[in-house]
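Visitor: The residues making up each chain are set out below.
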Amino acid sequence: MNRYFIQIAGCVLLSSALLPFQVAAEDLEVGITKDKQYAFVDYDNDLVKVQRIQDTSHVIDGSYAKTSRPCPPFCVNPIKIADGVNTVGEIELIKFMETSYALGHGVIIDARTPSWFKKGTIPGSVNIPFTMFERPADDPELAAVLEQLGAVNHESAGSITRTLEKLGLFNGDEKTDQWDFSNAKELLLWCNGPWCGQSPRAIHGLISLGYPAEKLMYYRGGMQMWQSLGFTTVIPKAESTFASK
Amino acid sequence: MFLKHSSIICVIIVWMLAAPSFAAEDAYLKMLEGEAENLELDKSSQLTEGEQHLSVNSRHLWEKELSDGQLSAGLEQKEFEQALRQNFYGTFVFFDKLDSTDKQTIYYRYSKMAEPDLDVIRKDILGLLKQ
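Sequence lines, in order, name chains A and B. Residue numbers are given in the working numbering: position 90 of the first sequence equals residue 90, and the series is strictly consecutive. Here the working numbering = 1-based position in the second sequence + 1000.
Read the hints as simulated data drawn from the structure, not as lab findings. Take these hints with a grain of salt, some might be off.
Partner residues aside, some chain B positions facing chain A, computed with beta carbon under 10 angstroms [claimed, not checked]: (1) Leu1032; (2) Glu1033; (3) Asn1038; (4) Gln1086; (5) Val1093; (6) Leu1118.
Everything numeric in this text was worked out from a predicted model, so none of it was measured. Even glycine gets a Cβ: it sits at the ideal position worked out from N, Cα and C.
Make the full structure from the sequences, and use the hints.
Guide: Structure, rendered in structure tokens:
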């Protein structure tokens, strides 16, 4: 009797000792950080798990394995792209996905032309090609995009109001004659990587339209670094793009 | 007559000055399109459209909750949805995929609970999603 009891007790003890290892075995070998294995992003009404390739012998192939393209125009960008614009890396991008984007306060913009976007993008991104932000300020499509990004048409503001705003009152530093950016969303823009000029041009275009630089982020690593680290990419659905050309 | 000619000359001069920048712009876009034409991503990390659907292990999703707290009883439907969004975002992501009838069903079941049980609510949501 005692012998059976000891055997069962031993079995229970062994199982409980192994349990943590069984749980650990479910962990990913290649995490994002020491404490974070993966993230989720709600994208095109689907839920996408963002993680890294688990094959530790994997070597990147495809176009992002390419080291050299003619410069100009494909020249290397500095870390700081414009005053007030925060340059971010992968961890910050994922944090942005889980907070600002998830709560509807932020937008992740793939600023490449649609022909790049259609071949694969970072989950959560919407395609607004850089050319959109270089259009004339009165362009109706540009106006529609800015409204989607939370800007409010400000042309109806009276001259006294505008004078006071220009003096720095009523959030005047976030308003132009045409747009009120007080409630504009935080934007995180990216393109092909450090050699890509598309998101920097989108950022400069936005700033020239009056979009507050403090609400802009630049993921300089872009698709090049995203792929190099083996992060999840998705083929977008057609409606994710703001412009057809 | 002179005025007509001078305005034509003026247009030509403006065009000649602007043309190189337009040409440079076109060349840049052309190069971009050329690169994009042959673009190939490393497919190892790419999800196909089918994989993007709700194939995610829900156990992991619940880990995304922003709060370990309890869901209060007696909330109006809007407050209930707001509470899910703010404090139980993982649950909310699934809840938000339901159509309005199913959302009302979930809310109805919740409203009948004296002490709302989030696990039961989650199971109900998943059950409706699978239908």
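Visitor: The structure should be examined with respect to each hint, and the outcome stated for every one.
Guide: Hints and how they fare:
A cut of 10 angstroms between beta carbons decides the hint on Leu1032 of chain B: the least distance to chain A is about 6 angstroms, and the hint holds. The beta carbon of Glu1033 of chain B comes within 6 angstroms of a beta carbon in chain A, closer than 10 angstroms, and the hint placing it at the interface holds. For Asn1038 of chain B, the shortest C-beta to C-beta distance to chain A is roughly 7 angstroms, which falls under 10 angstroms, so the interface hint holds. For Gln1086 of chain B, the shortest C-beta to C-beta distance to chain A is roughly 9 angstroms, which falls under 10 angstroms, so the interface hint holds.
Because the smallest distance between the Cβ of Val1093 of chain B and any Cβ of chain A comes to about 6 angstroms, under 10 angstroms, the interface hint for this residue holds. Contact between Leu1118 of chain B and chain A, as hinted, is not supported at the beta carbon level, the nearest pair being about 18 angstroms apart and thus beyond 10 angstroms.
Going through the hint list in order, the structure does not satisfy hint 6, though it satisfies all others.
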